[in-house]
Amino acid sequence: MSTLLQISDLRLRLEGRPPAWLLRGVSLEVAPGQIVGLVGESGAGKTMVSRVVLGIAPANARVTGGSVFFDGHDITHLNEAARRHLLGREIAFIPQNPMTALNPVERIEPQITDVLRMHLGLDRVRARARALELLHDVHLREPERLLRRYPHELSGGMRQRVLIAIAFACRPKLVIADEPTTALDVTVQKQVLRLIRELQSHSGTAILFITHDLGVVARLCDHVHVMHGGRVLESAPVAQLFASPAHEYTRALIAATPRFDRPGELLRPIPVALTLRLAEDARVLDSSEPGKRG
Amino acid sequence: MNALVQLLRRPRIAFGALVALALLMAALAAPWLSPHDPLDQDLFNAFAKPLWAGGDSAHLLGTDSLGRDLLSRLIHGARVALVVSFVAALLAGLLGTLLGLAAGYYGGKVDSVVSRLVEIWMSFPSVLLCIVLAALLGAGLHTVVIAIVIIDWTRFCRVVRAEVLVQKSQDYVASAVTIGLRPARILWQEILPNVVPLLLTLFTLEMGIAIVVEAILSFVGLSSANVPTWGGIIQEGRLYVNQAWWLMAAPMLCIIVAVLGMNALGDGLRDALDPVKAR
Chain H
0 MSTLLQISDL
10 RLRLEGRPPA
20 WLLRGVSLEV
30 APGQIVGLVG
40 ESGAGKTMVS
50 RVVLGIAPAN
60 ARVTGGSVFF
70 DGHDITHLNE
80 AARRHLLGRE
90 IAFIPQNPMT
100 ALNPVERIEP
110 QITDVLRMHL
120 GLDRVRARAR
130 ALELLHDVHL
140 REPERLLRRY
150 PHELSGGMRQ
160 RVLIAIAFAC
170 RPKLVIADEP
180 TTALDVTVQK
190 QVLRLIRELQ
200 SHSGTAILFI
210 THDLGVVARL
220 CDHVHVMHGG
230 RVLESAPVAQ
240 LFASPAHEYT
250 RALIAATPRF
260 DRPGELLRPI
270 PVALTLRLAE
280 DARVLDSSEP
290 GKRG
Chain A
0 MNALVQLLRR
10 PRIAFGALVA
20 LALLMAALAA
30 PWLSPHDPLD
40 QDLFNAFAKP
50 LWAGGDSAHL
60 LGTDSLGRDL
70 LSRLIHGARV
80 ALVVSFVAAL
90 LAGLLGTLLG
100 LAAGYYGGKV
110 DSVVSRLVEI
120 WMSFPSVLLC
130 IVLAALLGAG
140 LHTVVIAIVI
150 IDWTRFCRVV
160 RAEVLVQKSQ
170 DYVASAVTIG
180 LRPARILWQE
190 ILPNVVPLLL
200 TLFTLEMGIA
210 IVVEAILSFV
220 GLSSANVPTW
230 GGIIQEGRLY
240 VNQAWWLMAA
250 PMLCIIVAVL
260 GMNALGDGLR
270 DALDPVKAR
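Respectively, the protein sequence lines represent chains H and A. Position one of the first sequence corresponds to residue 0 (numbering that gives the first Met the number 0), numbered consecutively onward. Position one of the second sequence corresponds to residue 0 (numbering that gives the first Met the number 0), numbered consecutively onward.
Please keep in mind that the hints were generated in silico from the structure rather than gathered at the bench. Just so it is clear, CB atoms sit at the ideal spot from N, CA and C, and this is done for glycine as well. There are no misleading hints in this set.
Among chain H residues calculated to face chain A with C-beta under 8 Å, some are:
#1 84
#2 96
#3 99
#4 103
#5 114
Computed list of chain H residues with no C-beta within reach of chain A, every gap over 10 Å:
#6 128
#7 136
#8 214
Could you put the whole structure together from the sequences, leaning on the hints where they help?
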């Protein structure tokens, strides 16, 4: 099968004394139209993967190895101008926190139409018409009034819908969603997930869905990568991952997830021994890494 | 409109706005407001007493050593103070903001150069700068304006740079990057509007500072001798403080009220526009 996004053996190092490894050889693939989950605890490196793809990795982090291919092109070390051409048009992003991701002093209209006018070359009137369509697609009521509003006049769920509308505005091939529901209420979470699923099935956009919630993965994704300590520990189709998790850590992660279908069952935290063993593995990996400073 | 009413409910902003309005009136309508020509001498009527000390109503605040009407001179002085401080604050703000935006947003070498420049600039004694400037350009209002701009642009530059650094780390800027906006557009369209409230505050405070600097420079004679200035009136009145103390006290009071007003306006705006403090 052809792949849309192919990340191979990606290594990212935070320069400092001592340098710290953020990604220790991450490989993953996203096929066109597929929803791929990237799960892991905080600090596993999920967000860093997305940031490298988007070209917004921290200034003091450096890609020291591996590659990122998008649609057949190497975008690992793409220059800024070429990346701008890609971002928003081919690769779009749904951020984690809708409360802060919109410019607080700008009305909603320009925040949606910017991306349309820049990438699709629409004029003001057409961009506005398309923005209304988009707001309708994300099921926001009274889109005309909404366009004139400021972000603080909208609820968190509404803002996330606006951000989703912006992400899908240019019909991108890939949408990267970084924990898009974490900052929302549980009821709103469910609606937003349903919306993402719906838009995805209409547009055929591939989604790289970053989350720490295995429940969301089970409901939404086709394929899953489990990350820990900057490594991908296991990659499998969703059904297989939950039916027969291969890696010890995946089993521990599943056991640590609350299940509504088995009330009363005790949650088992991830064993300390396992975490220590994974950390030791990482250390061994790091010490064999060239370019490491004493 | 509603927001304006909200702002004016704050006592400090109301007071500051009142002072600013009075200054503006004096500046715009000086020739009609002042009862006499501020330069008209009447040597037979020198040191006329102000109204409260038994003077006549032709000269409400009395006259100076050359018989010029003090009230008229103060009103025309307000005009100079306002124009000079406004233009100076505007130019200093423009220069400082541009450099601060560039330093904060582009970082790296641009930031290093601008930041070092600011540090060197600030370690240079400002009085010396003024004297050098006066020697180069000669005395006059333009010298005063240029002196204030050259001394005070650093104030804007430092604060704007710091604010841009804060704004740059906000999520909305990352969002703007991920939809492919150009850096220059992000800076002007996304970040700058978020810095404007701060600029408004800084500008108002700077006007207060500029009024004082203008008075000082006029006092030492670096400003124009052809128009009445508050600093100049104080300087002339100083000689006759034993006979006519009001000649010195009145312009001092003008300066104090004007500066207090601008500072109150600036502080009030800062409180009102700071989202953390306001809530």
